Amino acid sequence: MKRTQLILLIGIAVCIGVLLSFLKTTSTYDTVETARKKPGQFVHVMAKLDKSSPIQYDALNNPNYLRFAAIDSLGQRMIVEYNNAKPENLEMSDRLVLKGRYSDSVFLCKEIQTKCPSKYKEEEAKGLKHPGSVPLPTTQP
Amino acid sequence: MYIGELSWPGQLGHLAAILSLVASALACFAYAQTVRSNELTLRASWQRIARVGFYLQTISVFTIFFLLLYLIHNHRFEYHYVWKHSSKSLEFKYLLASIWEGQEGSFLLWLLAQGVLGLLLIRTAKGWEAPVMSIVSFAQFCLSTMIIGLSILGWKLGSSPFLLLRDSGVLDGAPALHIDFDASQPLIPNYLEKIQDGNDLNPLLQNYWMVIHPPVLFLGFASTLIPFAFAMGGVITRRYTDWVKPVQPWALFSTAVLGVGIMMGGMWAYESLTFGGYWAWDPVENASLVPWLIGVAGLHTLLIYRHSGQALRSTIVFFVLGFGFILYSTFLTRSGILGETSVHAFTGEGMNLQLLALIAVFMIPSAWFLIRRHREIPQIQTEENISAREFWMYIGSLLFFLSAILIIGQTSLPVFNKIFGTTIAPPEDVEFSYNSVQIYIAIMLALLTGFTYYLKYKQTGMDLFWKRISIPLLITLLLGIGFAWYIGIRYDQKGLGFQTALWIAAICSIFSLIANASYIWIGIKGNLAKSGGAIAHVGFALTLLAIVVTSSNKQVISENNTGFLTPLGKGENPRQNLTLVKDIPSEMGRYKVTYEQDSVHPKKKLWYYKVRFKSNDGKEEFVLYPNAFVNYKGQQGLMANPDAKHYWDHDVFTYVTSLPDPDKKEDTTRFTSKTVMPGDTTFYSKGFITFGQPNLIDSLPVELFGEGGQVVELPVSIHRRTGETATVTLKAAWAKKQWLPLPDTMQAEGMIMQLEEQKKDGSLVVGIKESDTLLKYVTLKAFHYPYIQFLWFGIWLTAAGLLISMRRRMQQWLQANRT
Chain Z
2 MKRTQLILLI GIAVCIGVLL SFLKTTSTYD TVETARKKPG QFVHVMAKLD KSSPIQYDAL
62 NNPNYLRFAA IDSLGQRMIV EYNNAKPENL EMSDRLVLKG RYSDSVFLCK EIQTKCPSKY
122 KEEEAKGLKH PGSVPLPTTQ P
Chain G
2 MYIGELSWPG QLGHLAAILS LVASALACFA YAQTVRSNEL TLRASWQRIA RVGFYLQTIS
62 VFTIFFLLLY LIHNHRFEYH YVWKHSSKSL EFKYLLASIW EGQEGSFLLW LLAQGVLGLL
122 LIRTAKGWEA PVMSIVSFAQ FCLSTMIIGL SILGWKLGSS PFLLLRDSGV LDGAPALHID
182 FDASQPLIPN YLEKIQDGND LNPLLQNYWM VIHPPVLFLG FASTLIPFAF AMGGVITRRY
242 TDWVKPVQPW ALFSTAVLGV GIMMGGMWAY ESLTFGGYWA WDPVENASLV PWLIGVAGLH
302 TLLIYRHSGQ ALRSTIVFFV LGFGFILYST FLTRSGILGE TSVHAFTGEG MNLQLLALIA
362 VFMIPSAWFL IRRHREIPQI QTEENISARE FWMYIGSLLF FLSAILIIGQ TSLPVFNKIF
422 GTTIAPPEDV EFSYNSVQIY IAIMLALLTG FTYYLKYKQT GMDLFWKRIS IPLLITLLLG
482 IGFAWYIGIR YDQKGLGFQT ALWIAAICSI FSLIANASYI WIGIKGNLAK SGGAIAHVGF
542 ALTLLAIVVT SSNKQVISEN NTGFLTPLGK GENPRQNLTL VKDIPSEMGR YKVTYEQDSV
602 HPKKKLWYYK VRFKSNDGKE EFVLYPNAFV NYKGQQGLMA NPDAKHYWDH DVFTYVTSLP
662 DPDKKEDTTR FTSKTVMPGD TTFYSKGFIT FGQPNLIDSL PVELFGEGGQ VVELPVSIHR
722 RTGETATVTL KAAWAKKQWL PLPDTMQAEG MIMQLEEQKK DGSLVVGIKE SDTLLKYVTL
782 KAFHYPYIQF LWFGIWLTAA GLLISMRRRM QQWLQANRT
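If you read the sequences in order, they're chains Z and G. Start counting the first sequence at 2; every next residue gets the next number (this note's numbering). Start counting the second sequence at 2; every next residue gets the next number (this note's numbering).
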């Protein structure tokens, strides 16, 4: 199979080329601090919702504007803005993957991925915090 | 020792799991002995033992399945799996879904599917039973280890679905269930009484697709084992060529079922998840698509071999890799390695090593045999003719294979990170990173599937070729013009180059569709039994066309033009959510949309929102019920399920993206007072308000209003930013020396107004309060999806074509063995 072998080789070469150029378009995982250092660049920031600050979202006035604070694992905090509806389970998420760009002291988020404890970790069950599992008695004997 | 525990199902289940392991090992060994023994009677007795082993194994797996169903049905929460994946409020069909929500249950489903296919092989494989079934039994053995749940020298082997809740560690952190409220003490004997309900099935999975998609998909997964088993069975026994006939129906079956399984995942995503589509190039999706693509490649090289004697090695490699990538995808989706990159990856259950071992135990020996023996595999050393059908079929198979390699290469980024310690994240536009490559493969495949049927094996006379293909080309030309005129490709966000590629892909798909449909008459003379291939190609072309058109022309119709305009980021297209206030019609695309009512599911906190769509020309009217779990089981937030109105040529599709928090009832907003003169204008959040001339009424009954009683009426017009105007008349009375304002609530505006004072100078004090607790509203996102039905229909048609071919090939094989 001579012609086909040649075509196979070309195909493999194209594959390698495409995958290499794919690597060039990839982005990076960053912390709040490193994201801040490269404003305008598309990054992934792993963080948690800062529950001490209020989530600003008013669907009546503008269902496409969400603003909240996020803290990364190093304790760095940033303000996040998101021009879309509030993700369904923002409050109950224990981790967020924020995809967007840092600009003018605000992280402009393009996509938010929420990671929920019930779905991703078994450990959460150990604390039995999940309602409906075991009602803990309120009084000690 | 513990009150109320039902222990026999667990013990029986463990026993069945061990029996399944032992019986499959026995079947594997006995089948291997059948292959090795030369003496006829010895072979027969080994085969008999092997069959008994396999039957026992299948019975054990069914026993495990029904035990688990029994436990879930009876809500035996002393079992960890039952507690974790079900609850008392689940309907029966979702109890089934609970079985395969978790890792253990889905392996069980896989085992079941493989067991059933094994039984069919015993009936149909004839002379190939022993080598093929020894590999199938070996696979059953390996999968059985996944649900055995044993600890051997500190190694955790598999994870049992019959683990007790009290052994799972879940209760260790609950002192209330332990003696003396001390978690280090044993459990109290009646701990079970305190466990009133299970953890439940994830509400997103409480959907009929969760009942049907996993069984079909796992049947597809299981079916890829069989071409692998035939190919490797052939290599190991050195019967390199005669397995190609019996494998053919199985390869066709596998492609059909796996394809439908993947499609059902897409339908599920489209109909019940809210990422607004059927395919997102998510790693979990890709992981099941890749084996399908490789399977299609193998299917075609197999045909090439049967007609020309070429491409046997490629066929073997494709069948081995098809199964190999099923194992790899199992590792990807279950090891937790996908982590951040996938929306719906499973948890890592601490079985990563075992999952890697599963790949190794199949792929390393296969690679070893193939490298050692590849020279023995017959092949023909001739230059192939480019007018021959097999040449272009081979190119097509290679394209399928390269497509698969590219997809899995991009998907494996997290694996790459893990191996090399890098932290590369997916690109900004993940979907485009796949689309921009795959569109070219789609174009080439559409072309190839279009003209290859018009070529003959070995060599084709060009005159005949052009004569026969001219009719489909002509029809394509006409339809292409029609397509450009009526439908077209609107997607231009990625530039002209990509848009052109989409156009070409659409036209080539039309060509393929027409050419293959015509071939049923031109080439096969309408013989249905023989036209499986052409039908499958028509379906495939239709699928490609629908994918291109649907994705390119999908429109968000819930563009928001009421709220504040926010500054948009570069290249962003937000404002896709629209808030509907109850009973107030809003513009949405060519519809007036009204949120009319809501209702709640009798047993769960599942809310349905009745939303009426009425087209502006008045010809079309329908009601959709998008629904959402609101603060489900005390967890804040909502989980939405869309609803869609299906037409033959498009869908209108909507889902809830935001709701007022039902637990937030208290109205804390206060009136803000504004002093205005008649004729003045003041702004509020959704527009402005104009005040008219006050009207005094003073001839009032003295017994009610006292001396000098007055009523002041103030006409107010409210101008919404959308252009609508509403008028109300505020009233206040001066009665018995008291000022009594009458607050007026304007539902639609979410506003309360009252006339607080009328001053001597003629100015008025008006109190305005805006509050969202007044309002019932729902925020939606809505899409117009053109031609989506064609996508589903295309895949069904592909599967139907494949199954027609399968039937024919199976009949041929059985017939040949009867004589």
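Fair warning: there could be bad hints in the mix.
[Said to hold, decoys possible] Straight-line alpha carbon distances no greater than 27 Å define the calculated DSSO-like cross-link-like pairs of lysine-lysine that follow:
{"#": "1", "chain 1": "G", "residue 1": "Lys457", "chain 2": "Z", "residue 2": "Lys39"}
{"#": "2", "chain 1": "G", "residue 1": "Lys419", "chain 2": "Z", "residue 2": "Lys111"}
{"#": "3", "chain 1": "Z", "residue 1": "Lys3", "chain 2": "G", "residue 2": "Lys606"}
{"#": "4", "chain 1": "G", "residue 1": "Lys495", "chain 2": "Z", "residue 2": "Lys25"}
{"#": "5", "chain 1": "Z", "residue 1": "Lys116", "chain 2": "G", "residue 2": "Lys457"}
{"#": "6", "chain 1": "G", "residue 1": "Lys732", "chain 2": "Z", "residue 2": "Lys116"}
{"#": "7", "chain 1": "G", "residue 1": "Lys495", "chain 2": "G", "residue 2": "Lys457"}
{"#": "8", "chain 1": "G", "residue 1": "Lys195", "chain 2": "G", "residue 2": "Lys605"}
{"#": "9", "chain 1": "G", "residue 1": "Lys419", "chain 2": "Z", "residue 2": "Lys39"}
Bear in mind the hints are in silico, worked out from the structure with no lab data behind them. Nothing here was measured: the structure is a model prediction, and the numbers come from that model.
Status of the hints after comparison with the structure:
In summary, the hint linking Lys457 of chain G to Lys39 of chain Z is not supported, as the alpha carbons are separated by about 59 Å, beyond the 27 Å threshold. Note on Lys419 of chain G and Lys111 of chain Z: the hinted pairing holds, with a Cα-Cα distance of about 26 Å set against a maximum of 27 Å. Straight-line distance between C-alpha atoms of Lys3 of chain Z and Lys606 of chain G comes to about 65 Å, which puts the hinted pair past the 27 Å bound. Using a Cα cut-off of 27 Å, the hinted pair Lys495 of chain G and Lys25 of chain Z holds, with the two alpha carbons roughly 18 Å apart.
A threshold of 27 Å between alpha carbons decides the hint, and for Lys116 of chain Z with Lys457 of chain G the separation of about 55 Å lies outside it, so the pair is violated. Of the supplied pair hints, the one linking Lys732 of chain G and Lys116 of chain Z is violated, its CA atoms being roughly 52 Å apart against a limit of 27 Å. The suggested pairing of Lys495 of chain G with Lys457 of chain G is violated, with an alpha-carbon distance near 40 Å, which exceeds 27 Å. The straight-line distance between the Cα atoms of Lys195 of chain G and Lys605 of chain G is roughly 21 Å, inside the 27 Å bound, and the hint therefore holds.
For the suggested pair Lys419 of chain G and Lys39 of chain Z, the alpha carbons sit about 25 Å apart, so the restraint of at most 27 Å is met.
Of the numbered hints given earlier, the model fails hints 1, 3, 5, 6 and 7; all others are met.
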